[in-house]
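On the provided structure of chain A, position chain B with the ligands as indicated by the hints.
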Amino acid sequence: MRQQTFYDVIREQGIPRRDFLKFCALTAIAMGLGPGGDEAVAKALETKPRLPVLWLHGLECTCCSESFIRAAHPLAKDIVLSMISLDYDDTLMAAAGHQAEAILDEIVTNYKGNYILAVEGNAPLADDGMACIVGGRPFADQMIEVARHAKAVIGWGTCAAFGCVQAAKPNPTKATPISKLIRDVPVVNVPGCPPIADVMAGVLTYIITFDRLPDLDRQLRPKMFYGQRVHDKCYRRAHFDAGQFVESWDDDGARLGWCLYKLGCRGPTTYNACTTIGWNDGVSSPIRSGHGCIGCSEDGFWDRGPFYDRVVDMKQFGVESTADTIGLGAAAGLGAAMAAHAGATVVKRMLDGGKNKGNEDGEG
Amino acid sequence: MRQTAYREINDHEDISSIYIYEAPVRVWHWLNAAAVVALAVTGYVIGTPLPSYTGDPSTVYVMGWIRLVHLAAGHIFAVLWVMRIWWAFVGNSFSRQLFIPPVWSQRWIDGLFYQVKWNLFLVSKARRYSGLNPLAHVTMLVAFVVPSALLVITGYAMYAEVAGHESWLYALFGWTSHITSNTIDLHTIHRVCMWVVLAFMVAHVYTAVREDIVSRQSMVSTVLSGYRLFKRD
Ligand code: HEM
Ligand code: SF4
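Residue numbers (our numbering), protein chains in the order written: chain A, 1 to 364; chain B, 1001 to 1233.
In isolation and in its complexed conformation, chain A is listed as follows (with noise of 0.2 Å):
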């Protein structure tokens, strides 16, 4: 029998060839590939043997799942779901208990080395992974055995990127990040709170177009996505450079569009693409409905508190001091220090210098 292509799967789920075209366009065109990319990546669709793509759960929220689902595209949500569901992912698949874990097995023994393994959430390793059992057994074990004979590994959300709020400290239950864990096979990080759902199937269709990984960055995010900092496309930068700014929720420049700096927003030192292929559609993003950006795509987000200030605590030094507070009391402090000092330093040139008149009169 004739491999099954990820177009037949698509066809058999009742998706019209038009409506997969159309997503061959958006795809390429959010991946950043010049004319002909919708070719490429809907011969590539339709030639290429599908690739099992088994999904993971471990700490996590659902959120990176519930994000892809509702994905307002609708022929993005149906044909990624047509590649990934039918495999292994226990919140969407209908298999359940021993049966579910058999494919598990089943998809590593036949397509060894040629799977890919989505895995949302990451592994607490303390108390020997108590806080994540799936089938029995601690969470890092799963991932790590499925990992093994993985083509590749694509971390969703900042959970699997970067620990995300389970790992804000004081972190109880070691949560680790995923690219922690595994070893010899490469991982994919796709960060965010949850990850916009264009980009999780972007990320997909690229390796299975071009057989092979994304550029990635430093942070082993692909660069077509997480390239630009929000800050650097946003639509209210004008204003940014203007120096006009929202002071308080409601005030006129809020009502104006006003760049959202001073109320917290992260957009300077957040990498993603929410300001370019939004949320929903397209209909909106969180700066677009007036709230600043809190950085969920970045490295402990959680812990760089609070959101509505830009410059942010410094735990370290005590709950609630930042760069400004510490500054200015150690200024103070020093300011006080120095008056004494002074004030200190007149009384001693003046009692010694009652007492020592007649030998500095002579020596002059």
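Rather than coming from a laboratory, the hints here were simulated on the basis of the structure.
There could be a bad hint or two in this list.
What the hints assert, rightly or not - Computed list of lysine to aspartate or glutamate pairs in DMTMM-like fashion (alpha-carbon distance at most 25 Å, straight line):
#1 Lys1117/B x Asp352/A
#2 Lys223/A x Glu1166/B
#3 Lys348/A x Glu1211/B
#4 Lys348/A x Asp1110/B
#5 Lys233/A x Glu1211/B
Same frame as chain A, but now just chain B with the ligands:
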């Protein structure tokens, strides 16, 4: 007579003046001071901006200009440091003193504590030094040279974020993201270092003026003329 940078001037020595700061070092000192002031003012309002300006953003560019001044002054600050380090190699022995604290010298360590005591009014006579006194030396290294280096590194690392990951700046400074993987840390470190440098500046001006008055050697005029003058008592 050849002068070594770190040298205590003993009480019996009758030296009235030594040429310490060559012209490039003096010029560096004052340009550097101007750059730091410009950087601190503009940097402060980059992190916590001024009240908003009204008007159409096609004509208003306040934050843009502030950032331009900051980045231009940042380049000047960095280039000044490069020149200063170069001068440490080619200048007189005082020009490298700042970078090499003689921690191996027992007398220097002793002088460090002595200088602390002097500042706490525990001893009545200041020791005289040709170059930097040990306490000033340590303070300059810890509260100015080190934070300056951090400011330049984090400054260019932030600039690399602005210039983009394909830029040569990122090629040079992108390694910082292995240490501060969330680039907001660069801003925090940068800002803390600004406060350290500002605190240093205040203490620096205060002690320079005070020493000028109460110690037995000149300070303020030295960095203008290059000559350190000594009093015997
Ligand atoms: C005495 C030296 C310096 C001081 C006191 C200083 C101070 C500051 C401060 C307080 C900020 C705001 C940080 C924040 O809260 O986000 C800042 C931002 C910045 N500084 Fe500096 N800085 C210095 C040197 C430099 C140098 C050498 C460079 C390199 C070109 C540089 C480049 C930058 C950049 C790129 C930003 C970020 C601008 C932005 O976010 O738009 N700084 N600086
Ligand atoms: S709203 Fe945020 S991302 Fe947009 S310009 Fe202002 S600071 Fe930058």
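Query raised in the report: Straight-line Cα separation of lysine 223/A and glutamate 1166/B no greater than 25 Å?
Result: The given pair, whose Cα atoms are some 10 Å apart, holds under the 25 Å limit.
Query raised in the report: Regarding the pair lysine 348/A and aspartate 1110/B, is the alpha-carbon distance no greater than 25 Å?
Result: holds, 24 Å
**Report entry** Given pair status - aspartate 352/A, lysine 1117/B, alpha carbons within 25 Å
**Finding:** With Cα atoms ~17 Å apart, lysine 1117/B and aspartate 352/A stay inside 25 Å; holds.
Requested in this report: Take a quick look at whether lysine 348/A and glutamate 1211/B sit within 25 Å of each other, Cα to Cα.
Outcome: The given pair, whose Cα atoms are some 14 Å apart, holds under the 25 Å limit.
**Report entry** Straight-line alpha-carbon gap lysine 233/A to glutamate 1211/B, limit 25 Å
**Finding:** Given that 25 Å is the threshold and the Cα spacing comes to 53 Å, the pair is violated.
The structure fails to meet hint 5 from the earlier list, while all remaining hints are met.
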